[in-house]
Amino acid sequence: MRKLYDYLKKTGFLLAVCCLLTSSSIWSQSQYTFNGTVTESGTNLPLSGASVFIEGTSFGTISDFDGNYSFTATLEQGSVNLSISSLGFTSQKIAIDLGSSLVITTDVVLVEDLLSLDEVVVTGNPVGVNKRTLGNAISSVKSEDLVNNGAIAVDQAISGKISGALVQQNSGDPAGGISIRLRGPSTVLGNSDPLYIVDGIIISNSSNSNDLVDLGGTSQNRLVDLNPNDIERIEIIKGAAAAAIYGSRASNGVVQIFTKKGRTGTPKFNFSTNVRVNELRKEIDYNTVPLAWVDPFDRTNLETVPVERFNFQDEFFESGFGIENFLSVSGGNEKTSYYISGSFLDNEGIIKNTDFQRVGFKTNITQKAWDWLEINAGLNYTRSVSNDVPNGGINAAYGAITGFVFSDNSINPNPDESGVYPVTSLLVPRTNPLEAVDRFDFGQKVNRVITSIGLNAQITDKLSANYLLGLDFFNQSATAFIPINNTSPNGDGFARRADINNFQYNSDLNLAYQTPITEDIESTTTLGGSWQYEEFDRVAIEADGLAPVVEVASDGSILAQGETRSQISYWGSFLQQSFSFKDRLYLNGAVRLDGASTFGEDERNQLYAKASLSYIISEEDFWKDTFGNAFSTFKLRGSWGQAGNLTALSAFQRFTTLNPSSINGTPSLIPGTQQGDLDIAPERQEEIEFGFDAGLLDNRIGIEFTYYKQDVTDLLLPRELASSTGFGSRIENVGDLENEGIEILLRGAPIKTNDFSWDITATFSQNENVVTRVAGGGQFALAGSFATSFVIEGEPLGVFFRQFYAREADGSISLDADGFPFRGTTDEGASSKVIGDPNPDWFGSLINEFAYKNFKLRIQLDAVQGFDVFNWNRRLLDNVIFGGGFNVGQELLGNRLKGFGGAQAGIFEEFVEDGSFVKLRELALSYDFKPPFEGVDNIQISLVGRNLISWDDYSGWDPEINTAGQSNGVRGFDFAGVPIPRTYQLGVNVSF
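Residues in the sequence shown are numbered consecutively from 1, following my numbering.
A portion of the hints provided could be inaccurate.
[Stated by the list, open to error] Under the rule of at most 30 Å between Cα atoms (straight-line distance), these lysine-lysine pairs were calculated in the DSBU-like manner:
id, residue 1, residue 2
1, Lys261, Lys898
2, Lys282, Lys898
3, Lys93, Lys268
4, Lys368, Lys335
5, Lys898, Lys260
6, Lys930, Lys752
7, Lys260, Lys856
[As the list claims (entries may be wrong)] With beta-carbon atoms standing in for the labels, derived distance ranges:
id, residue 1, residue 2, range
8, Leu559, Leu678, 53 to 59 Å
9, Ser573, Pro750, 56 to 62 Å
10, Asn485, Leu559, 15 to 21 Å
Hints are computed from structural coordinates only; laboratory data are not their basis.
Glycine residues also receive a C-beta, built at the ideal position from the N, C-alpha and C atoms.
Using the sequences and the accompanying hints, generate a full structural model.
Okay, here's the thing in structure tokens:
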């Protein structure tokens with residue numbers, strides 16, 4: 001904290017000096033009022049949220065719901081430019097001569113811009129820039145695309161809306177975690193998630209659920225604490241070009257979230273309410289044959305007895321219901337604007353007795369202290385409570401679905417008259433799934449505060465500065481209770497309590513100097529620095545041997561208790577220089593120095609560089625004369641950037657750890673099995689990308705194309721050590737990997753009239769990932785995959801590497817003398833080989849939006865193709881010794897050999913399935929009543945469906961989920977995970 005104090009003290013001094021240097025003449029100025037209406041070309045509909053300001057000043061406002069704007073400005077007489085811009089429309093600049101008339105009315109009509117080249121985006125400096133100036137790809141999502149889609153979280157809502165972003169929901173629980181990958185994985189031991197920034201605040205998206213209490217594949221991630229209704233827009237910057245500005249924490253890309261702010265004018269209220277139903281999309285096939293083997297272990301004994309079969313899926317799945325209410329108010333005057341909102345969400349899951357509740361409060365306040373200084377502050381408070389049922393069998397064996405895949409479904413799972421549940425897993429101790437949902441009590445509580453204060457100063461006409469201090473704090477508490485006398489492996493009861501306090505802040509100061517060098521050339525110089533700090537403290541206790549009615553771990557037989565602490569500091573500074581030539585050729589270069597406390601003292605500070613070029617070639621005369629009729633707009637762009645990855649090491653992992661022990665009754669310390677490395681360095685990443693943005697047929701069709709190649713060197717991997725060292729392994733910079741791919745975005749507006757419009761958006765992304773070097777040309781298994789997902793030189797990250805079928809010369813499966821399959825061996829005599837790849841060949845989406853008068857219809861299809869899923873559920877269900885699977889019934893009917901599934905159980909190739917799918921992700925129909933009556937601007941009624949249909953060949957519930965959660969390398973892992981539900985939602989939105 002002392003460093004923060006010193007940093008703020010220096011920052012305050014710098015701003016004070018800048019203020020003292022500021023001077024302006026006020027004697028010859030007059031106060032002018034600017035007003036008018038902003039409408040959309042073609043439909044003449046009013047545009048709300050359009051930015052209207054005087055170029056080169058801080059005077060301006062945002063248009064209201066009816067497209068009206070009004071603001072006052074103290075200016076000298078002369079000529080000024082009125083600049084008008086809105087997301088998705090071409091910006092306009094209108095020259096205005098200021099004279100004796102003090103009221104200036106200007107109505108503006110904006111033309112749709114499918115390429116959004118005039119969109120003002122934020123790229124880490126105080127000067128917002130048009131996309132036309134950028135040499136790297138950047139994507140935007142508007143507020144209206146984040147709501148009325150059945151999603152409860154931001155990361156859910158952006159699925160399929162951004163090229164190059166693979167968004168996967170890992171669990172269908174009420175707040176199931178999401179993984180987002182921009183251009184593939186860029187590390188093995190670290191995190192490949194992008195950096196998340198909310199209004200300049202770097203926030204945590206950690207997934208701590210399983211670190212606190214093992215819930216299997218139902219981990220939440222903390223983006224669920226943000227309400228999509230509060231978001232104005234999202235900007236996503238991909239690749240190392242982002243890291244050159246935001247630092248190496250952004251080496252996986254940046255997701256910038258901008259929340260709503262107040263607008264000048266009378267208070268505007270918005271209220272929405274919706275109800276939803278979540279249901280299981282499909283059941284998996286199970287054993288319905290009313291027979292059972294007398295001896296399931298003897299393949300030659302075909303004697304059966306009659307039994308009754310039960311559908312266990314009916315016992316733990318059910319339809320869940322939800323409700324969400326949201327209310328916001330915004331307004332302001334020339335000096336002060338505000339936005340305040342409150343929300344409540346209650347979402348039940350499709351596993352019985354699971355739900356997620358979220359209560360939120362959000363406020364943003366902007367105060368114009370002087371004409372040259374603006375102060376803004378924001379606060380977001382969220383409290384969430386979830387009731388959970390453990391599922392997913394990676395570590396714990398007490399889950400509901402875990403019990404299902406091990407159970408014999410000829411046993412009635414319901415309790416007897418005394419309330420005692422029968423054991424349904426006869427060979428290994430697993431839980432009766434009905435008891436898990438009825439008696440187990442697992443839950444989480446989160447209290448979170450995200451807040452900031454910032455200063456934006458227009459020190460002179462050319463020099464501007466901004467400062468931001470952002471803080472993110474949350475407490476997450478989790479409890480687990482399994483009562484005594486149960487069917488799980490913890491028959492004498494189990495209790496656990498774990499808490500984590502997570503705190504982080506970022507303190508950023510940026511200066512920008514804009515000046516024309518000649519009439520055609522303009523220069524922008526940006527200098528910035530950042531200090532970031534994060535810490536967490538985790539405590540936990542767990543026990544078994546509980547007394548009757550006791551639910552707390554402290555009163556049982558302590559199994560484990562512990563405490564973990566972590567503190568990490570990040571720091572960085574950058575210098576960026578940009579030049580523009582005739583507003584059509586843009587050159588940008590930057591250098592950045594980054595450091596992190598997790599690495600060796602001599603290696604922690606690293607220098608990175610960036611360069612980019614953007615050329616609006618369609619504004620050249622030769623282009624207009626040659627291609628102008630076909631290509632209205634054509635932009636060439638290219639960029640190169642370097643970055644480091646700072647997530648691969650925990651706070652103190654560079655040290656050799658010492659574990660407390662006792663030798664002959666004397667306290668002692670024993671070294672761990674992993675040796676430290678005090679000279680360890682960050683992973684290093686270099687990326688190059690090229691692309692173009694093209695507008696055809698008067699910009700009614702827009703195409704964005706990007707090719708990229710990313711090389712990661714000095715990859716941190718565990719290296720096996722000789723036993724003579726006394727250690728098993730050491731993490732070293734001994735690996736490389738690369739990602740190479742293309743991204744295509746197509747937008748079109750085939751029809752645009754006053755009554756009817758049709759907009760279409762399509763995305764296509766392809767990424768090829770290869771681990772190009774592993775120390776010694778070796779390989780190793782990734783933790784949490786049952787030694788199935790591997791890192792192998794020359795292969796994509798996380799390929800499945802296990803046993804495979806012996807095959808004949810024609811490729812057919814070999815059978816032994818009794819007709820059973822058996823394992824094969826490679827030409828080198830190895831019993832395992834690569835049998836599957838969880839990384840998709842390509843993914844994409846197709847969105848059609850129709851509007852007829854007051855009706856709107858949106859249809860979104862998402863596709864992920866060419867990836868494999870390891871179906872652990874079927875490996876157990878099809879084994880005759882458990883008895884619950886469909887193929888066990890086929891053995892009982894004589895349609896295949898008894899014990900055939902048992903023979904397959906050791907041949908892992910059998911359970912690798914094609915996970916390719918196309919999903920009807922969103923289907924939304926709405927009708928607007930506007931204005932329905934005096935005092936109300938609009939009433940919208942909407943009916944929404946989410947994940948309604950999945951076209952796939954997967955035999956499990958859902959090929960999209962991943963029981964390993966947000967794991968970087970363990971993907972396509974389906975073991976007792978909760979499927980993603982089909983959701984129906986009915987909503988009403990009122991604006992007044």
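Against the structure, the hints come out as follows:
no.: 1; hint: Lys261 x Lys898; verdict: 67 Å, violated
no.: 2; hint: Lys282 x Lys898; verdict: 28 Å, holds
no.: 3; hint: Lys93 x Lys268; verdict: 28 Å, holds
no.: 4; hint: Lys368 x Lys335; verdict: 5 Å, holds
no.: 5; hint: Lys898 x Lys260; verdict: 63 Å, violated
no.: 6; hint: Lys930 x Lys752; verdict: 20 Å, holds
no.: 7; hint: Lys260 x Lys856; verdict: 24 Å, holds
no.: 8; hint: Leu559 x Leu678: 53 to 59 Å; verdict: 35 Å, violated
no.: 9; hint: Ser573 x Pro750: 56 to 62 Å; verdict: 48 Å, violated
no.: 10; hint: Asn485 x Leu559: 15 to 21 Å; verdict: 18 Å, holds
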